[in-house]
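Undergrad: With the hints as your guide, set chain B onto chain A.
Chains A and B supply the protein sequences, listed in that same order.
If you're matching positions, the first sequence starts at 1 in my numbering and goes up one per residue.
If you're matching positions, the second sequence starts at 1 in my numbering and goes up one per residue.
Be aware that a few hints might be false.
[Claimed, not checked] Think about it this way: if two alpha-carbon atoms lie no more than 25 Å apart in a straight line, the pair counts; the simulated SDA-like pairs of lysine to any residue are:
#1 B/K237 - A/K144
#2 B/K64 - A/H5
#3 B/K156 - A/E199
#4 A/K237 - B/S155
#5 A/K169 - A/T148
#6 A/K237 - B/K169
#7 A/K156 - B/V150
#8 B/K169 - B/A233
#9 B/K156 - A/L184
#10 A/K64 - B/N82
#11 A/K156 - B/K64
#12 A/K237 - B/F193
#13 B/K237 - A/H5
#14 A/K144 - B/V49
#15 B/K190 - A/Y159
#16 B/K20 - B/L74
#17 A/K237 - B/A219
#18 A/K64 - B/Q70
Please keep in mind that the hints were generated in silico from the structure rather than gathered at the bench.
Take a look at the letters that make up each chain.
There are 2 protein chains.
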Amino acid sequence: MQNGHPQPIVTVDVVLLTLKDGALQVALSQREHPPHPGEWTLPGGWVHVDEDEDALAAAVRILKSKTGLQSPYLEQLQTFANRHRDSRGWSVSIAYYALVPYEQVHERLSVPTRSKPGKNDATHPRIQWRGVDSIRSLPFDHQKILETAVSRVRSKTLYSSLPIHLMPKIFTLSQLQNVYEQVLGSSLDKRTFRRRIEELDLVEPIPGALEQGGAHRPAQCYRVKRRHGRELALAEKNLR
Amino acid sequence: MQNGHPQPIVTVDVVLLTLKDGALQVALSQREHPPHPGEWTLPGGWVHVDEDEDALAAAVRILKSKTGLQSPYLEQLQTFANRHRDSRGWSVSIAYYALVPYEQVHERLSVPTRSKPGKNDATHPRIQWRGVDSIRSLPFDHQKILETAVSRVRSKTLYSSLPIHLMPKIFTLSQLQNVYEQVLGSSLDKRTFRRRIEELDLVEPIPGALEQGGAHRPAQCYRVKRRHGRELALAEKNLR
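For reference, chain A alone in the conformation it holds in the complex (with noise of 0.2 Å):
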């Protein structure tokens, strides 16, 4: 209670993503407690209001905690709120998205993909990693959240160069093609989408890298212009 209000429970859940055999993966959490006990969902928690200084950094708490993930880059996605979405009363989830290189959580998160319930810690969290387009429901409302998560990348890889949080440190130009591509799960041509990537002044050639491709000629490596780091660039005309 606050100033006579009964008030709402708040949630922070992020929806974590990744490509992974060609195709946008998401990673689940194992629930512990009611409700949904033993039931695989997107990682997420409470606010701490003693501890967390703002929802950005309950979503990095939690998703550190559930996952063992430090803070890859986390955007708010949205927020979903009302009477019906939790058993335990009228509540609000702050949903987060990110995206991360798989090479980055692969060997820290260990995948038993059927597993009963068990306890969640840093060291050895329970997640499983499955394709987005695969999941047909989750508990709470999180098959909304994913799909509002997902169809947000999506649109947004049209214009912008969300994906580069995908990329390894350094690519060859067809490998960045190919994380868009799989992202929006249809293919792109190729002059556009160098024409594109070269008006978002996102990536710089390496003086000297080459990539030996077996039977095709070497390909120049690149990597992302460190501006680039965390900040969005937005194209003025789609990727198609």
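TA: Same frame as chain A, now just chain B:
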């Protein structure tokens, strides 16, 4: 307290925008109670868990009680949630924004620009309209919420049908372009604008309706296509 966790305060704030005197203006509401009694802020209030179905319903209720305005098209903007924004404690503001034609509101909302704190009720809400670019500071973090809303509206305007919510029922293409330009605060190329509006498939000519424009030859009158009532159409390219 819920489940042993002290919970944040949960509020909703609304950035209500219109075009007036050729510029984007925002509705400010006069606070009655501390903190900041008598000051002008975005219309806002607590979520009432016993009364509001969801956050959007709270926004509609609060907007009606603070401005007398019945449910325009409201879109969620962003959630502002941290320890510092409200002196009463860790607080969450789920912020919404709305665009409304000024004709729809100016009669209802009397505008005492300088007045002392008084009773806000549905028949005599205390409201003033201020040009968004002339506001330098607002109580709480409302300046930041306002700037986030204006920036969102301008960036959406470049790509979408968003400004149709500002239009009267009947208008010419010149008037439509004028509204886009007033929202953006900059001029647009007429040919590019008309091509994009056509691609958006947004408006249709009203058979036989011509505006007698004084010195100019009569201009065709248009209306928004019905299916665009509440949905946002998105352009592939921006309007510039």
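Undergrad: Confirm or reject each hint.
TA: A quick look at each hint next to the structure:
| no. | hint | result |
| --- | --- | --- |
| 1 | B/K237 - A/K144 | violated (28 Å) |
| 2 | B/K64 - A/H5 | holds (20 Å) |
| 3 | B/K156 - A/E199 | holds (20 Å) |
| 4 | A/K237 - B/S155 | holds (13 Å) |
| 5 | A/K169 - A/T148 | violated (28 Å) |
| 6 | A/K237 - B/K169 | violated (31 Å) |
| 7 | A/K156 - B/V150 | holds (20 Å) |
| 8 | B/K169 - B/A233 | holds (18 Å) |
| 9 | B/K156 - A/L184 | holds (21 Å) |
| 10 | A/K64 - B/N82 | holds (19 Å) |
| 11 | A/K156 - B/K64 | violated (34 Å) |
| 12 | A/K237 - B/F193 | holds (15 Å) |
| 13 | B/K237 - A/H5 | violated (47 Å) |
| 14 | A/K144 - B/V49 | holds (22 Å) |
| 15 | B/K190 - A/Y159 | holds (24 Å) |
| 16 | B/K20 - B/L74 | holds (19 Å) |
| 17 | A/K237 - B/A219 | violated (31 Å) |
| 18 | A/K64 - B/Q70 | violated (43 Å) |
Hint violations for this structure: numbers 1, 5, 6, 11, 13, 17 and 18, all remaining hints satisfied.
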